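Using the hints, position chain V against chain G.
Chains G and V, in that order, give the protein sequences. Residue numbers for the first sequence, in my numbering: 1 to 98. Residue numbers for the second sequence, in my numbering: 1 to 382.
Don't read these hints as lab results, they were simulated from the structure. Just so we're clear, the structure is a prediction, and the values are computed from it rather than from any experiment. We treat Cβ as the ideally placed atom computed from N, Cα and C, and that holds for glycine. Some clues are possibly wrong.
If you only want the chain V side, here are some residues facing chain G, beta carbon under 10 Å, derived [stated by the list, open to error]:
(1) F248
(2) G262
(3) L279
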Amino acid sequence: MFRRSELDHRPSVQIFVDGAAVAAREGDTVSAALLASGRDVRRLTAVSGAPRLPYCMMGVCFDCLVTIDGVGNRQGCLVPVAEGMQVELQKGKREIGR
Amino acid sequence: MPRKYGGEYDVAVVGGGLLGSAIAWGLGRLGKTVAVLDEGDIAKRASRANFALVWVQSKGLGMPAYTGWTVRASQAWPKLAAALQQQTGLDVCLQQNGGFHLTLGDDEFAQRGQLVTRMHNQVGAADYRMEMMSASDVKKALPLIGPEVSGGSFCPFDGHVNSLRTFRAFHAGFKAFGIDYFPERPVSAITRNDSEFRLTTPGGEIRSEKVVLAAGNANQALAPMVGLFAPMGPTRGQIVVTERTMPFLPHPLTTIRQTDEGTVMIGDSKEDELDDRVLKHPISGVMADRAQRMFPHLARLNVVRSWAGIRVMPQDGFPIYDQSEAHPGAFVACCHSGVTLASNHAFDVARMVAGGALEPELVGAFSASRFGCEGATNNSGY
Numbered sequence: 001m002f003r004r005s006e007l008d009h010r011p012s013v014q015i016f017v018d019g020a021a022v023a024a025r026e027g028d029t030v031s032a033a034l035l036a037s038g039r040d041v042r043r044l045t046a047v048s049g050a051p052r053l054p055y056c057m058m059g060v061c062f063d064c065l066v067t068i069d070g071v072g073n074r075q076g077c078l079v080p081v082a083e084g085m086q087v088e089l090q091k092g093k094r095e096i097g098r
Numbered sequence: 001m002p003r004k005y006g007g008e009y010d011v012a013v014v015g016g017g018l019l020g021s022a023i024a025w026g027l028g029r030l031g032k033t034v035a036v037l038d039e040g041d042i043a044k045r046a047s048r049a050n051f052a053l054v055w056v057q058s059k060g061l062g063m064p065a066y067t068g069w070t071v072r073a074s075q076a077w078p079k080l081a082a083a084l085q086q087q088t089g090l091d092v093c094l095q096q097n098g099g100f101h102l103t104l105g106d107d108e109f110a111q112r113g114q115l116v117t118r119m120h121n122q123v124g125a126a127d128y129r130m131e132m133m134s135a136s137d138v139k140k141a142l143p144l145i146g147p148e149v150s151g152g153s154f155c156p157f158d159g160h161v162n163s164l165r166t167f168r169a170f171h172a173g174f175k176a177f178g179i180d181y182f183p184e185r186p187v188s189a190i191t192r193n194d195s196e197f198r199l200t201t202p203g204g205e206i207r208s209e210k211v212v213l214a215a216g217n218a219n220q221a222l223a224p225m226v227g228l229f230a231p232m233g234p235t236r237g238q239i240v241v242t243e244r245t246m247p248f249l250p251h252p253l254t255t256i257r258q259t260d261e262g263t264v265m266i267g268d269s270k271e272d273e274l275d276d277r278v279l280k281h282p283i284s285g286v287m288a289d290r291a292q293r294m295f296p297h298l299a300r301l302n303v304v305r306s307w308a309g310i311r312v313m314p315q316d317g318f319p320i321y322d323q324s325e326a327h328p329g330a331f332v333a334c335c336h337s338g339v340t341l342a343s344n345h346a347f348d349v350a351r352m353v354a355g356g357a358l359e360p361e362l363v364g365a366f367s368a369s370r371f372g373c374e375g376a377t378n379n380s381g382y
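Looking at chain G on its own, in the form it has when it is part of the complex (with noise of 0.2 Å):
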């Protein structure tokens, strides 16, 4: 669905996405990295548990929910990656204390 460009020279940087690493790059938001990685990386609504992907890439919209290092609603747009990170895709409502 995404690639790469092969113009993009950045460096790597490793996330792990439910477990498994992924490889993204250095300045990539959460959302940029989680399309690339060319992982099924749908989230579920909070109240009808419908399937959505990340879609304004600007903070907008609240699609790209996600729970990043254990912190539940996080907007994965507007977060950059960083080496190590424990990113969860979220299934229905964010829990409460987390």
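Frame of chain G, contents of chain V only:
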């Protein structure tokens, strides 16, 4: 052009909020022709700013009859929810598994205990089955309470509902019953010719055999037009709303509840300010602080909305239901608890209006005659 515009209705209901809507829906259910005259979207509308509790405990201190009226409403709510769902397909998510009022620290626990005792000792009050519970007993029902919670009171009649969907369901019901809803029609004058009321609105005159004033705080100005009295004393409240989270709060509280869709509402401030367009952040701060001391996990949730709303509030805090002696067929209904009492309004008050007379054994205590000529002071009866 609306179907019956300019024609004659059995009843004109002035006010299309939760109270007027419940009465109008109830009248439509009884086969009456009804016109609902409402303000527009910018009306200061408690029906869209409320906390959505169907609440019994602590209501009625100072007026024992209100305890019975409230318990009756709580018990009639399942019938209302079922009727709305059957008619409109909308589930109003009524949950009535009992509610808590939590206390922080020993002083608050002692004060609440005294309130429960005073409620029990009122002559003529309905039995609430409201009881004090220790922190360890509360924790069995609400496992996520924090260490500062000293206990609280519990009442098995308490519950909550999706009040916005209830409001929508009433209006969907209007269509099914053939009720005519007129927005942007604030009533500026009411006169009576022979057996007919004539209501002046910006969109023309509406004529009806009976009239019900259900316009919230505006009832104070409307009531004298038909020989009635409705002293009001509105207050402002603020509400803080968090993002949706997995269900963690199995019972509603007086100040915190989790909606059917997962948001957490934090509320119950009370101010004399009557501007609903600005928030006082120190008040939201105190509410949020108390909420997270009750449930420490809340501290991690993001706040997504916050608003101020104007409460409809009769001057002494208790409902007013009255009928005009000078103008038979004119009724007034005012109350703060439009959600809790919606079932009584839809079934009881609508039946009384349709029959032409209030039933003293049910609502006699709520006549505005209790205010005398001077009016009474607000003792926060709600």
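Results of checking the hints against the structure:
no., hint, in the structure
1, F248, "4 Å, holds"
2, G262, "5 Å, holds"
3, L279, "23 Å, violated"
Going down the numbered hints, you'll see the structure goes against just number 3.
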